[in-house]
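Asks: Order-wise, the sequence lines are chains A and B. First residue of the first sequence? That's 514 in our numbering, and the numbers climb one at a time after it. First residue of the second sequence? That's 514 in our numbering, and the numbers climb one at a time after it.
Since the hints were derived computationally from the structure, they do not count as laboratory data. Please note that the accuracy of each hint is not assured.
Each pair may be met inside one copy or between any two copies, as identical chains are not told apart.
Unchecked claim - Lysine to any residue pairs mimicking SDA-like chemistry, simulated, CA-CA at most 25 Å apart: (1) 813 x 785; (2) 746 x 771; (3) 601 x 718; (4) 771 x 704; (5) 730 x 718; (6) 771 x 646; (7) 566 x 845; (8) 746 x 651; (9) 730 x 590; (10) 778 x 537; (11) 730 x 538; (12) 617 x 833; (13) 601 x 717; (14) 746 x 763; (15) 597 x 765; (16) 746 x 653; (17) 680 x 787; (18) 807 x 717; (19) 525 x 659; (20) 730 x 832; (21) 746 x 678.
Here are the chains, one letter per residue:
There are 2 protein chains.
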Amino acid sequence: MATRWGILSAGKISHDFVSALRTLPTDEHELVCVAARDLKSAQEFARLHGIPKAYGSYDELARDPRVEVVYVGTIHPHHLSATKLLLKNGKNVLVEKPLTLNLKGTQELTSLARKHNLFLMEALWSRFLPSYEFVMNAINTGIIGDVNHVTVNFGMPIADVDRVNRKELGGGTVIDIGIYTLNVVQMAFGGEKPTEIKAIGHLNENGVDESMTAVLKYSNGRTANVATSARVKYPCEAHIVGTKGVVRIPFPFWCADKIYLNDVKYEFDLPQPAEICNFWNSCGLRYEAEEVRKCLIAGKVESAVMSHKDSELLAAIMDEIRRQIGVKYDVD
Amino acid sequence: MATRWGILSAGKISHDFVSALRTLPTDEHELVCVAARDLKSAQEFARLHGIPKAYGSYDELARDPRVEVVYVGTIHPHHLSATKLLLKNGKNVLVEKPLTLNLKGTQELTSLARKHNLFLMEALWSRFLPSYEFVMNAINTGIIGDVNHVTVNFGMPIADVDRVNRKELGGGTVIDIGIYTLNVVQMAFGGEKPTEIKAIGHLNENGVDESMTAVLKYSNGRTANVATSARVKYPCEAHIVGTKGVVRIPFPFWCADKIYLNDVKYEFDLPQPAEICNFWNSCGLRYEAEEVRKCLIAGKVESAVMSHKDSELLAAIMDEIRRQIGVKYDVD
Chain A
514 MATRWGILSA GKISHDFVSA LRTLPTDEHE LVCVAARDLK SAQEFARLHG
564 IPKAYGSYDE LARDPRVEVV YVGTIHPHHL SATKLLLKNG KNVLVEKPLT
614 LNLKGTQELT SLARKHNLFL MEALWSRFLP SYEFVMNAIN TGIIGDVNHV
664 TVNFGMPIAD VDRVNRKELG GGTVIDIGIY TLNVVQMAFG GEKPTEIKAI
714 GHLNENGVDE SMTAVLKYSN GRTANVATSA RVKYPCEAHI VGTKGVVRIP
764 FPFWCADKIY LNDVKYEFDL PQPAEICNFW NSCGLRYEAE EVRKCLIAGK
814 VESAVMSHKD SELLAAIMDE IRRQIGVKYD VD
Chain B
514 MATRWGILSA GKISHDFVSA LRTLPTDEHE LVCVAARDLK SAQEFARLHG
564 IPKAYGSYDE LARDPRVEVV YVGTIHPHHL SATKLLLKNG KNVLVEKPLT
614 LNLKGTQELT SLARKHNLFL MEALWSRFLP SYEFVMNAIN TGIIGDVNHV
664 TVNFGMPIAD VDRVNRKELG GGTVIDIGIY TLNVVQMAFG GEKPTEIKAI
714 GHLNENGVDE SMTAVLKYSN GRTANVATSA RVKYPCEAHI VGTKGVVRIP
764 FPFWCADKIY LNDVKYEFDL PQPAEICNFW NSCGLRYEAE EVRKCLIAGK
814 VESAVMSHKD SELLAAIMDE IRRQIGVKYD VD
């Protein structure tokens, strides 16, 4: 039986997610409905993607009995309220990253999901890419020895994008792109909590960070550093340095289709999405959708690949970095 | 007329320096004498390199009237006393990096050199390499736009080397290899002082750092990060990220013979040294010797490429990093 999807928000990332979802077998993934605050947007989205039902409010989607799981693709500050609405209406939820703006919101959602025995996952799509599966396999089989140091950076000239620029939209590089750098670190160190974090950053006139550079200390002599910029294009690559070798995730590391393992290149071709997409390698979003289906079939309320604990640790680290560089959201 | 060199210490780095010096014309660089605390070592060194005079004490070298400039190649903690001895005896001095263990010692030497109107330079050889000249030229001509971010790391399995391992020998990665990472940052940001430094590190049982990762904040939205390890081999490369492009200094970045400017590779072949050397690309040490000769001929007491201010800023940054991670030398 197909997994029956509702799509909450008809924005750019929802477009890409659905374009990726449509590359999967229709007897596995079925698009039930899409909701946007503006009915016309929803209808247009539905027409383009062949989705039978369009709603002009999130409430209607939340009450649609056919919907089994909802993809939340709104801007960051709406993740919390939209997901609460869905969980309270008995829906499983896949929420775009960051799950919410901070640890408090993240814990509110994970608690609520557990309380209602519903599936909840942060859509940290990198984790589910075949390239990242290869990376984790390389680490777990010991081919690079013990991971000792991770260095990763993500910089793009996106400072003028509202989502990044404005505090009320959950702006700043830490939670928008920094999350991808921290995700690599967290994966490479097996979800361990850093013993110390130190960060510097530059804020824009709205009080959100245009750049950030942080160091993370881990047990047993291990360290990491991450860097972001909304002003300048960085190499956008990750090095996972082990005692016996190195994994390099080249540009664009967050949606890699190539991996260098001890300088040997491995390729992971992505399929073409059903429609032209907004973001790099967006067809890679299909793998997180497959994970959702797998978990739902198995009756799980969270994914082992991107667990609630993973989301909470990421949120805690981002909170601490923002605290140190002075980025404070209204909800903090 | 040739520049008349005395060599203080007959150790590994002195061997490499002299092997590099011997690739330069003898009517430009003349080896006058070598001194070691053990006369036999000095004699052996002199024999190998065809140096006419060998001394069993630094005093004798300092008093040799034929010596115009001395290369100090002792272990770190002896730089200060040896250089003071030389300056007080009217000798110009080229001192292996780090100039001394801390800012206090560095300032003592730069003051003393100025007082005696003698040339003093920290032997930060990277700065004088043709590859680094190319990098600085790429930056200065604006081909990568304005430098916005620098990331550089240096890790090698050298934790068991006494020089790195023991506090009384000036151990720790910060001053031994971290200096090369900070040097790249400092060059790329034109010698500007960082507005903020934050560092983490892991210390060994002797209280010196086996690894360090630091972030540096600069004016106008600029940032840098550096990382070192004495345990694990890091990529050992540097990225200088500008608003319009990137310079990558690949392994071994501190003595690079290749540079990638916006992914185009440029090669800078180094000549063969006169003898087999101990360290990577050691023949590159010849370029700092050429700089010394140029300065002496011009009657300068410091080099514009590696000025006293440069050494002092490097020392100040390293002091601050050590302070934050808890590495304290007896002389601090």
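Asks: So, for every hint listed, does it hold in this structure?
Replies: Here is what the structure says about each hint:
no. : hint      : result
1   : 813 x 785 : neither (30 Å within a copy, 64 Å between copies)
2   : 746 x 771 : both (19 Å within a copy, 22 Å between copies)
3   : 601 x 718 : neither (38 Å within a copy, 54 Å between copies)
4   : 771 x 704 : within (23 Å within a copy, 37 Å between copies)
5   : 730 x 718 : between (31 Å within a copy, 18 Å between copies)
6   : 771 x 646 : within (12 Å within a copy, 33 Å between copies)
7   : 566 x 845 : neither (36 Å within a copy, 72 Å between copies)
8   : 746 x 651 : between (28 Å within a copy, 17 Å between copies)
9   : 730 x 590 : neither (30 Å within a copy, 29 Å between copies)
10  : 778 x 537 : neither (27 Å within a copy, 42 Å between copies)
11  : 730 x 538 : neither (44 Å within a copy, 50 Å between copies)
12  : 617 x 833 : within (12 Å within a copy, 35 Å between copies)
13  : 601 x 717 : neither (37 Å within a copy, 53 Å between copies)
14  : 746 x 763 : both (14 Å within a copy, 19 Å between copies)
15  : 597 x 765 : neither (33 Å within a copy, 52 Å between copies)
16  : 746 x 653 : between (32 Å within a copy, 19 Å between copies)
17  : 680 x 787 : neither (33 Å within a copy, 62 Å between copies)
18  : 807 x 717 : neither (42 Å within a copy, 46 Å between copies)
19  : 525 x 659 : neither (39 Å within a copy, 32 Å between copies)
20  : 730 x 832 : both (16 Å within a copy, 20 Å between copies)
21  : 746 x 678 : within (16 Å within a copy, 38 Å between copies)
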